[in-house]
Amino acid sequence: MFDFRRLWGGRLGSGDKAKERLQLILIHDRSSLSPELLDLIKQRILDVLNEFVEIEERGLAIELEQNDNTSALITSIPIKAVRRNVRAL
Amino acid sequence: MGKAIVITSGKGGVGKTTTTANIGAGLAALGKQVALVDADIGLRNLDLFMGLENRVVYHLVDVIEGRASWRKAIIRDKRLDNLVLLPSAQVRDKDAVTPEQMKQLITELKQEFDFVILDCPAGIERGFRNAIAGADQALVVVNPEVSSVRDADRVIGLLEAEEISDVNLVINRLKPNMVKRGEMLAIKDIVDLLAIRLIGVVPEDEKIVISSNRGEPIALNQTTKAGLAFYNISRRLLGEEVPFEEWQDDDTFFSRLKKLFGID
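Chains as they are written, first to last, in the working numbering: chain W, 1 to 89; chain C, 1 to 264.
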C-alpha cells in the first residue's frame, strides 16, 4: 500500500515510535536487578570464590552497568591469598 | 474442582474491573457456575459494574476474619442465577488480608464454582500479592500505550516468579482506525513485545460507558463490538477456537481519500 505519510516529511507514525521506545524500555527493565538480588548474587559469588582464595571483602565491588541495549555485571574482587589446600591444583 | 483466574494489569485504569465483570458474565451466559471476587480491598468497584451495589451486606474482609461465611456474603446476579459476586471491603486497612488466607478462600470457592474470577487492584504491592495468591491462571489487561505495556511486562515477570505459567493477554481499548493510520501500537507489536498468548482484543466502544452507567455487563449484549469481544474471550477460556473479530474501518476522511485514489 502506498503510504501518504511518507509525503509529509517521511516520519514514522507514532505507533512505530511507541514500539521502538518499548523495545528499549523492556530490554532495560528485564535486565535490571533489585538491590536484594544483587546482594544475593554477590554472596553466591563470594561463597564459590572463598573455596579457592581469601578475599579482601572491603574492596569488593559489584555493579550492573546498563547501556541502551546491553547490560553487564562489572565486578572487582581483590584477593589476599590463594588457599593452601588448593595451591597444588 | 474449578479454576481461579486473576485479572491483572499493573497499571490502573486499563479496564481490569470491566474485564472481570464481562468475562464472568460471559462464562455464566455460557452455562458455567461463576464467582466474581473483588480483591481490590479498600476500593470497592466491581459491584457497581454488576449493578449490585445496593445488595452488599458482608464483604471479603468479613469472610476472611470470620464475621460471615462466604455463602452469606455472596450476592447473586440479577440476570444470571449461576453468577455470584463476593464484594470487596471499603475498609482502609489493606493489610487485613494475607496471601495464605486468600488462597484458602479461593480453594473453598473452587469446590463450588467452575470459575472464580479475581479482580486485582492496580500496582504490584500487597493487594496484588493477595489477588494472585490463589490463582491458577492470569489474564493481563493492557491498553495499546507505552506505559501500560511496560507495566504489563513487569506483572508478567512477577506472575512467572509466583509460578503462574498460564498467562494470557487481553488488549483493551484498541482503536482500529488509529492503528490503520500508524498512530497506535498494533496488536502484533504488543504480542511480540510481551511474548504471551493473546486471548482477546476489545475495541474502544462508547457502549462500555453506557453499560457501566447502567450496571449491566456488556458481554450480555453481543450486538456491540466490545460485548462480542468479551463474550468471545469467555468462549476461548472454555477452549473453543474462536477467530479474532475483525472491525470494519469507520468511514473516515482518510479511508475515503484512499478509495478515491483506488488504493488499499
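The hints are simulated quantities; they were obtained by calculation from the structure and are not laboratory data. Please note that a few of the clues may not be correct.
[Claimed, not checked] So the derived label-pair ranges between C-beta atoms look like this:
(1) 14/W with 76/C: 22 to 30 angstroms
(2) 41/W with 81/C: 34 to 42 angstroms
(3) 72/C with 47/W: 47 to 55 angstroms
(4) 40/W with 175/C: 41 to 49 angstroms
(5) 82/W with 103/C: 45 to 53 angstroms
(6) 28/W with 247/C: 29 to 37 angstroms
[As the list claims (entries may be wrong)] Straight-line alpha carbon distances no greater than 30 angstroms define the calculated DSSO-like cross-link-like pairs of lysine-lysine that follow:
(7) 103/C with 19/W
(8) 225/C with 17/W
(9) 32/C with 103/C
(10) 19/W with 207/C
(11) 17/W with 32/C
(12) 207/C with 78/C
(13) 11/C with 110/C
Each residue gets a CB set at the ideal place from its N, CA and C atoms; glycine is no exception.
| request: Please flag the earlier hints that this structure goes against, numbers listed from lowest up. | output: The structure breaks hints 1, 2, 7 and 11; every other hint is satisfied.
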